[in-house]
Amino acid sequence: MHSMNTVVLVKGVPDFREGKVSFKEDNTLNRGATPTVLNPNDRLALAAALELKVKHGGSVRLVSMGPPNYKTILREAMEVCGDEAYLLSDRMMGGADTLATAETIAAGIRKIGLPDLVIAGFKSADGETGQTGPQTAWVLDFPIITHVVSLEVDEKARLVRARRTAGDDIEEIEAPLPCFIVTDPGFTAVFRSATNRLRLLRLGEETVARASKIDSVFKMWGVADLGVDPKKIGLKGSPTIVNKVEPIPVAAKERTAQVVDAKDAGQLDEVARRIVQLVRG
Amino acid sequence: MAEKFEAVVVGAGPAGLAAAYELARNGTQVLVLERGKFPGAKNVTGGILYGQSNSPFNLDYLFPDFEKKAPLERDIKSYVMHNIAGDKVKSMDITRLHDHKTSYAWSVLRVPFDKWFGERVHREAEKHGGGILTNVRAKAPLEDGNRIVGVVTDELDPIKADVVIAADGATSDLVRTAGLRGWGPEEHWFQGVKVVARMPRTLLEQRFNVSGREGSGHLFAGDLFGGCRGGGFLYTNKDTLSVGTVFHLDSITAKKTEPHKYLDRLIKHPFFTNLTGGHYDEAEYSAKLIPDGKKNALRFPYRDNLLAVGDAAGQMKAAGPIIKGMNLGITAGILAAQAFLTAKRQRRLHHMGPLYGSYLANSYVGSELFGKRLLRWLAGWRLPNKMLEGFVTRPRFIRSKFGQKRIQRMVSSYRLASIAPDNDFVYVGLPTAVGRAIGDRVESELPAAKTRPIDDRIAALTYDTDIGREHIVVRDASVAASGLAVMTCPVSSPDSSRGCYRLEKARDASGRESRRVVLDTQPCVECGTCAIVAATDWNTPRGGKGVQYQLG
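If you're matching them up, the sequences are chains A and B in order. So in my numbering, spot 105 of the first sequence is number 105, and the numbers just go up one at a time. Numbers in my numbering are just positions in the second sequence, counted from 1, shifted up by 281.
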């Protein structure tokens with residue numbers, strides 16, 4: 001039986017949860033005081049990889065780019081799913097925009113060996129560009145399916161079938177392997193057989209145990225290891241120019257409210273009229 | 282094609298887990314399906330896990346080391362019955378009754394206990410390609426033609442199996458859908474409500490005069506439960522108390538009473554206040570239907586390759602105040618597993634049902650549940666009971682040395698207890714008369730315990746609600762058909778608007794007002810009471826949903 005080889009892209013982001021996140025006085029993020037955690041959307045990419053591993057066997061490799069302490073992010077990811085973890089880390093990779101990041105990650109994936117599937121989560125919680133995944137697919141020259149809510153693989157036909165959200169509709173898309181998948185926040189793994197659920201339990205326990213001893217399955221690669229063109233990565237390889245960052249306007253501290261009697265139809269009509277006015281500008 | 286396991290066990294309580302462990306350690310591929318989020322999530326017990334000295338098939342048969350490894354509370358070494366009449370109490374030692382064929386009597390809390398048991402079973406079952414799956418609700422047998430060949434669940438595709446063991450408790454979906462038993466009348470059930478109350482260990486050991494791993498049990502009967510047939514119990518745990526009341530369900534409905542109010546009455550009694558030193562710190566409220574084994578136990582707890590064990594098969598023995606359930610379930614589970622193993626070895630799988638039946642009949646489970654029929658029938662005669670009552674409850678008789686000796690012997694006799702009829706005399710008349718005639722007046726300088734109102738009890742429970750998918754539907758909302766549920770449901774009260782059942786005024790088109798019963802399933806503790814006392818379509822919630830006990 002052919003088994004699936006999957007790569008999952010993961011990223012560390014500031015922990016935006018209440019009580020964890022810290023802001024400076026000018027409302028910008030205080031990176032130093034905010035812990036870095038696994039990007040929440042990446043958990044769904046990992047869940048997708050785990051689902052495929054349960055159903056088809058094979059291996060799941062985790063790839064991330066970031067400073068050396070991102071090993072903790074990879075460990076967090078491995079607690080969900082992962083056989084090996086690769087951190088692409090080098091000072092020369094710093095300052096990268098999404099395209100330069102895509103070039104770096106694609107180089108990492110090529111060095112590992114091209115997999116059947118690359119899976120990424122929907123947007124990172126910090127940059128929120130949603131570009132790195134598609135750009136990586138472009139660099140790898142993989143077909144890409146985004147907003148995936150469920151997927152299945154036909155190993156014999158070398159096909160992936162995915163259901164993706166498109167507005168209010170669900171599209172069903174078929175693509176040849178190898179393929180790039182971006183999971184939607186609404187992704188759900190589906191297990192209808194007891195055998196698979198038992199395997200899920202066992203793989204879950206195994207991966208948690210592996211994550212606690214991540215060193216034996218962890219590799220860190222720099223620019224020299226990847227053999228990537230230095231002009232294509234880091235700040236040098238980044239065509240994006242950030243012109244200006246504007247803080248989100250703060251809402252007025254005091255607002256006036258007009259109390260309306262919900263039982264009075266006339267007053268409710270007036271409310272509706274006012275809303276229409278405001279919306280139309 | 283449906284996937285196939287050699288054995289499927291439905292329900293990860295003691296009976297199902299015992300069956301699964303016995304199967305797994307004999308090399309069977311066994312899948313256990315549990316609808317809770319973890320084994321124990323749906324389970325509560327009145328208290329004691331007995332070991333039977335007249336059977337090898339106890340928990341120690343599976344785990345010789347269980348007394349060292351399992352999360353047990355205390356080995357109940359002394360047992361006292363408190364006969365209450367108003368503020369007078371006469372305590373009688375009934376340890377002899379408790380000790381009858383008893384090798385151990387551990388008080389347990391079901392959440393930690395079942396979790397431990399489940400962990401052990403899962404590890405063993407894994408070795409043979411099986412294991413425990415939680416959050417899966419098996420709702421019916423899978424039938425091929427007229428034969429049971431597996432199970433149908435809410436969450437998974439149908440699963441085939443050579444044997445299906447229905448261990449899904451008192452409210453068993455499988456036993457009903459397989460046609461082995463309906464809900465039956467109220468007379469077939471007890472209803473129990475319980476609180477677990479925290480108590481600092483040193484205080485507990487000092488108040489109850491226990492130490493080390495040993496503990497004590499206390500029973501309460503008499504006139505403080507409004508004439509309901511049943512009583513109260515208290516078991517010491519490590520650093521908690523299990524306190525509850527158990528009544529015949531038909532007795533609760535006849536008196537139109539709220540079960541939790543009687544529990545409160547016990548907790549607020551000055552005798553209880555003195556017993557606990559005025560310390561009362563409620564942690565968890567729970568409720569459960571308990572099958573009355575002598576009416577509810579299945580004579581033939583099997584159909585095709587489906588074998589029912591534990592509460593699902595009504596295997597509960599009340600020998601007077603001694604309540605045995607978990608040990609019967611464990612024994613039945615082991616026997617069901619052995620019946621399958623033997624049938625498989627003999628290549629006569631179709632034979633496993635009758636084989637299980639005969640194993641049961643030859644064990645104490647069979648004799649406890651079905652033995653002494655004639656004596657029981659005789660003991661239930663009204664006239665002799667009336668005469669006995671008239672004689673025994675005379676204060677002069679009770680006060681006499683001779684009378685006290687007789688009564689002490691009566692209440693300590695397992696033989697008598699196991700044939701005693703379910704009448705007012707046994708549950709109420711005698712204890713009240715004893716308390717009144719020779720009890721000591723009890724006063725307490727300490728303030729009575731503050732019990733929680735039902736709303737707070739519900740609020741303290743953990744639920745994963747399934748909004749929009751109600752597992753219980755009221756078929757007939759008239760007060761005549763379903764009104765009893767407002768009183769009898771352990772998480773409903775006419776005083777509360779947050780419980781499951783309440784009455785609502787409805788006005789029809791002609792402006793005529795009538796009252797009808799409305800149901801909110803969110804606070805449901807899945808006891809099954811309303812399936813019996815009200816006109817409902819009753820199902821267990823789907824996997825992972827509903828109440829989730831923390832202590833049990």
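There may be inaccurate statements among the hints.
What the hints assert, rightly or not - Simulated crosslink set (DSSO-like; lysine-lysine; CA at most 27 Å straight-line):
1) Lys-369(B) to Lys-350(B)
2) Lys-396(B) to Lys-219(A)
3) Lys-408(B) to Lys-213(A)
4) Lys-786(B) to Lys-263(A)
5) Lys-786(B) to Lys-55(A)
6) Lys-156(A) to Lys-285(B)
The set of hints was computed from the structure by calculation and includes no laboratory data.
Results for each hint:
1. Lys-369(B) to Lys-350(B): Distance ~42 Å between Lys-369(B) and Lys-350(B) Cα, so the pair is violated.
2. Lys-396(B) to Lys-219(A): Measuring from Cα to Cα gives roughly 38 Å; hence the hint is violated.
3. Lys-408(B) to Lys-213(A): holds, 24 Å
4. Lys-786(B) to Lys-263(A): The given pair, whose Cα atoms are some 22 Å apart, holds under the 27 Å limit.
5. Lys-786(B) to Lys-55(A): violated, 55 Å
6. Lys-156(A) to Lys-285(B): holds, 24 Å
Violation of the numbered hints given earlier is confined to hints 1, 2, 5; the remaining hints are satisfied by the structure.
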